[in-house]
Amino acid sequence: MKVYFRTIKDLPVDEYYGPGQLTCAGCGPSIAVRWLLKAAGPDVIVVNATGCIEVTTTSYPYTAWSVPYLHVAFENSAAAASGVESALRVLRRKGILDTKAKVMVIAGDGGTYDIGLQSLSGMLERGHGVLYVLYDNEAYMNTGIQRSGGTPHFAWTTTSPVGSKLKGKVQRKKDIMSIVIGHHIPYAATANIAYPIDLANKVKTALDYLVEGPAFIHVLAPCPPGWRYPEEMTVEIARLATETGYFPLYEWDHGRIRFNPPSNAHFDKSRRKPIIEYLKRQGRFAHLTEEDIKEIEKEIDEYWDYLARLAKAFG
Amino acid sequence: MKQLTWKDLPIGGIIIEPGNARRNITGTWRTERPVIDQDACIRCRICWMYCPEPAILELDKPYVTKSGKKYDVTYEVDYDHCKGCGICAHECPVKAIKMVSEVTG
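Protein sequence lines correspond, in order, to chains A and B. Residue numbering for the first sequence follows numbering that gives the first Met the number 0, beginning at 0 and increasing consecutively. Residue numbering for the second sequence follows numbering that gives the first Met the number 0, beginning at 0 and increasing consecutively.
One or more of the hints may lead you astray.
[To be verified] Using 27 Å as the maximum straight-line C-alpha spacing, the simulated DSS-like pairs for lysine-lysine come out as follows: (1) Lys8(A) / Lys60(B); (2) Lys97(B) / Lys279(A); (3) Lys164(A) / Lys279(A); (4) Lys293(A) / Lys272(A); (5) Lys8(A) / Lys69(B); (6) Lys8(A) / Lys97(B); (7) Lys8(A) / Lys65(B); (8) Lys68(B) / Lys8(A); (9) Lys94(B) / Lys8(A); (10) Lys268(A) / Lys311(A); (11) Lys297(A) / Lys279(A); (12) Lys69(B) / Lys97(B); (13) Lys60(B) / Lys272(A); (14) Lys279(A) / Lys293(A); (15) Lys69(B) / Lys279(A); (16) Lys311(A) / Lys272(A); (17) Lys268(A) / Lys293(A).
[Said to hold, decoys possible] Some chain B residues flagged as far from chain A (calculated, every beta-carbon gap over 10 Å): (18) Ile35; (19) Cys40; (20) Lys97; (21) Val99; (22) Val102; (23) Thr103.
Just so you know, these hints were derived from the structure itself, not from any lab. Values in this document were obtained by computation on a predicted structure and should not be read as measured data. Even for Gly, the Cβ is constructed at its ideal location relative to N, Cα and C.
Just need the whole structure built from these sequences, with the hints factored in.
Structure below.
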């Protein structure tokens, strides 16, 4: 990652998103999209899959976007973006259009982990120069909190309820980063709305690499109604996700893996905060017993062992 | 807000004005409003950085605090669009932002 913004004072002032969008108070994805567009600047074409951000920003006859914007269905955002990118490339080659505009997909976890995985995989395989951004609020929040491939183990949703038989979601969260890295693309990174400087630097770096091929950024964006917490806690919970090791910040840059602060110190378990700090603030984990928390802790330790092996092999 | 009919809309239903959602006055959703104490504020930019709307405005308005400290910028709240989530008050490192009830005061 190249450093374009060193401190909070370097961050760009211009806004290309909102205000007036109909997101909930304290919306995490809204912070994510605001920083994506501020970092990318005006020369970007947004392709947006169906999801919270699409529904809340485009209530006709209003739009919260100040950049060219294309809304497509859940499953074909990456395919549509491939088309936009190819069209731009052809128009540039024929000398009809002189633009350096970049194409950016913004899709939720439902549109990436589950429904849009085939079009994402196809886009990465064909090598289109598109930045794909996944904002992960860990369920289908827009339609009423249904579980997705991104929902973590033991999380309550309306389709993974809590009762005498079930204790929230049975399966574990899908490791989308490993799937994406498996396509051998130039750049993939995780980012978090609690670290906007890191997020903005990663977006700028990814947009620079688009001449070589696709790039992918996975942004964690907490959701107050879906995760069941008071809306002023959004940033605190996002920060705890990284500080407890639940959501590490790292990047895959041309076959090298690099961990970004504060996650670079977290290979040592004693440097991570206890996972209970993250879990106890959220109503979707309110049913957890001591054993369940131990199990989640074990899963996170296993994940870090895996990351440590990756870092050793590709660091 | 005036109800639009088909006669008011452009042909094809396109939107010709970028970012016109700012006409949605989402500030009416609020139950508590953030109030910034300009003398306690240290201009760290954190509330501006974390606002989801964005409803914290960075204005080029010089300000001299009571203790004589000079600042080039002032942070103010856009009450037309602030939904009152309270992230700014929660994240403020010097607790210069207070949430005040819209009902009682």
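We went through each hint and held it up to the structure:
Taken as a hint, the Lys8(A) and Lys60(B) pair is honoured in the structure, with Cα atoms around 17 Å apart against an allowance of 27 Å. For the hint pairing Lys97(B) with Lys279(A), the CA-to-CA distance comes to about 25 Å; that is within 27 Å, so the pair holds. For the hint pairing Lys164(A) with Lys279(A), the CA-to-CA distance comes to about 22 Å; that is within 27 Å, so the pair holds. At most 27 Å may separate the alpha-carbon atoms for a hinted pair to count; Lys293(A) and Lys272(A) meet this at roughly 14 Å.
Taking the CA atoms of Lys8(A) and Lys69(B), the gap is near 17 Å; set against the 27 Å cutoff, the hint holds. Proximity of Lys8(A) to Lys97(B) is assessed by CA-CA distance (about 24 Å); at most 27 Å being required, the pair is judged to hold. About 24 Å separates the Cα atoms of Lys8(A) and Lys65(B), which keeps this hinted pair within 27 Å; it holds. A C-alpha spacing of about 19 Å is found between Lys68(B) and Lys8(A), which places the hinted pair at or below 27 Å, so the restraint holds.
For the hint linking Lys94(B) to Lys8(A), the alpha-carbon distance of about 20 Å falls within 27 Å, and the restraint holds. This hinted pair checks out: Lys268(A) and Lys311(A) have alpha carbons roughly 17 Å apart, not beyond 27 Å. For the given pair, Lys297(A) sits about 17 Å from Lys279(A) by alpha-carbon distance, which is consistent with the 27 Å threshold. In summary, the hint linking Lys69(B) to Lys97(B) is supported, as the alpha carbons are separated by about 22 Å, within the 27 Å threshold.
In summary, the hint linking Lys60(B) to Lys272(A) is not supported, as the alpha carbons are separated by about 41 Å, beyond the 27 Å threshold. Distance check on the hinted pair: Lys279(A) and Lys293(A) sit about 14 Å apart at the alpha-carbon level, within 27 Å; holds. Pair hint Lys69(B) plus Lys279(A) does not hold up; C-alpha atoms about 42 Å apart against a cutoff of 27 Å. Under the criterion of a C-alpha separation no larger than 27 Å, the hint pairing Lys311(A) with Lys272(A) is consistent with the structure, at around 23 Å.
Restraint check for Lys268(A) and Lys293(A): the C-alpha separation of about 14 Å stays at or below 27 Å, so the hint holds. At the 10 Å boundary, the C-beta of Ile35(B) stays outside the reach of chain A, the nearest C-beta of that chain being 15 Å off. Every beta carbon of chain A lies more than 10 Å from that of Cys40(B), the smallest distance being close to 14 Å; the non-interface claim holds. Distance check on Lys97(B): its Cβ is at least 13 Å (rounded) from any Cβ of chain A, clearing the 10 Å threshold; non-interface status holds.
Every CB of chain A lies more than 10 Å from the CB of Val99(B), the least distance being 14 Å, so the non-interface label holds. Remark: the non-interface label on Val102(B) is consistent with the geometry, its nearest Cβ contact in chain A lying 16 Å away (cut-off 10 Å). Residue-level check passed: Thr103(B) sits 19 Å from the nearest beta carbon of chain A, beyond 10 Å.
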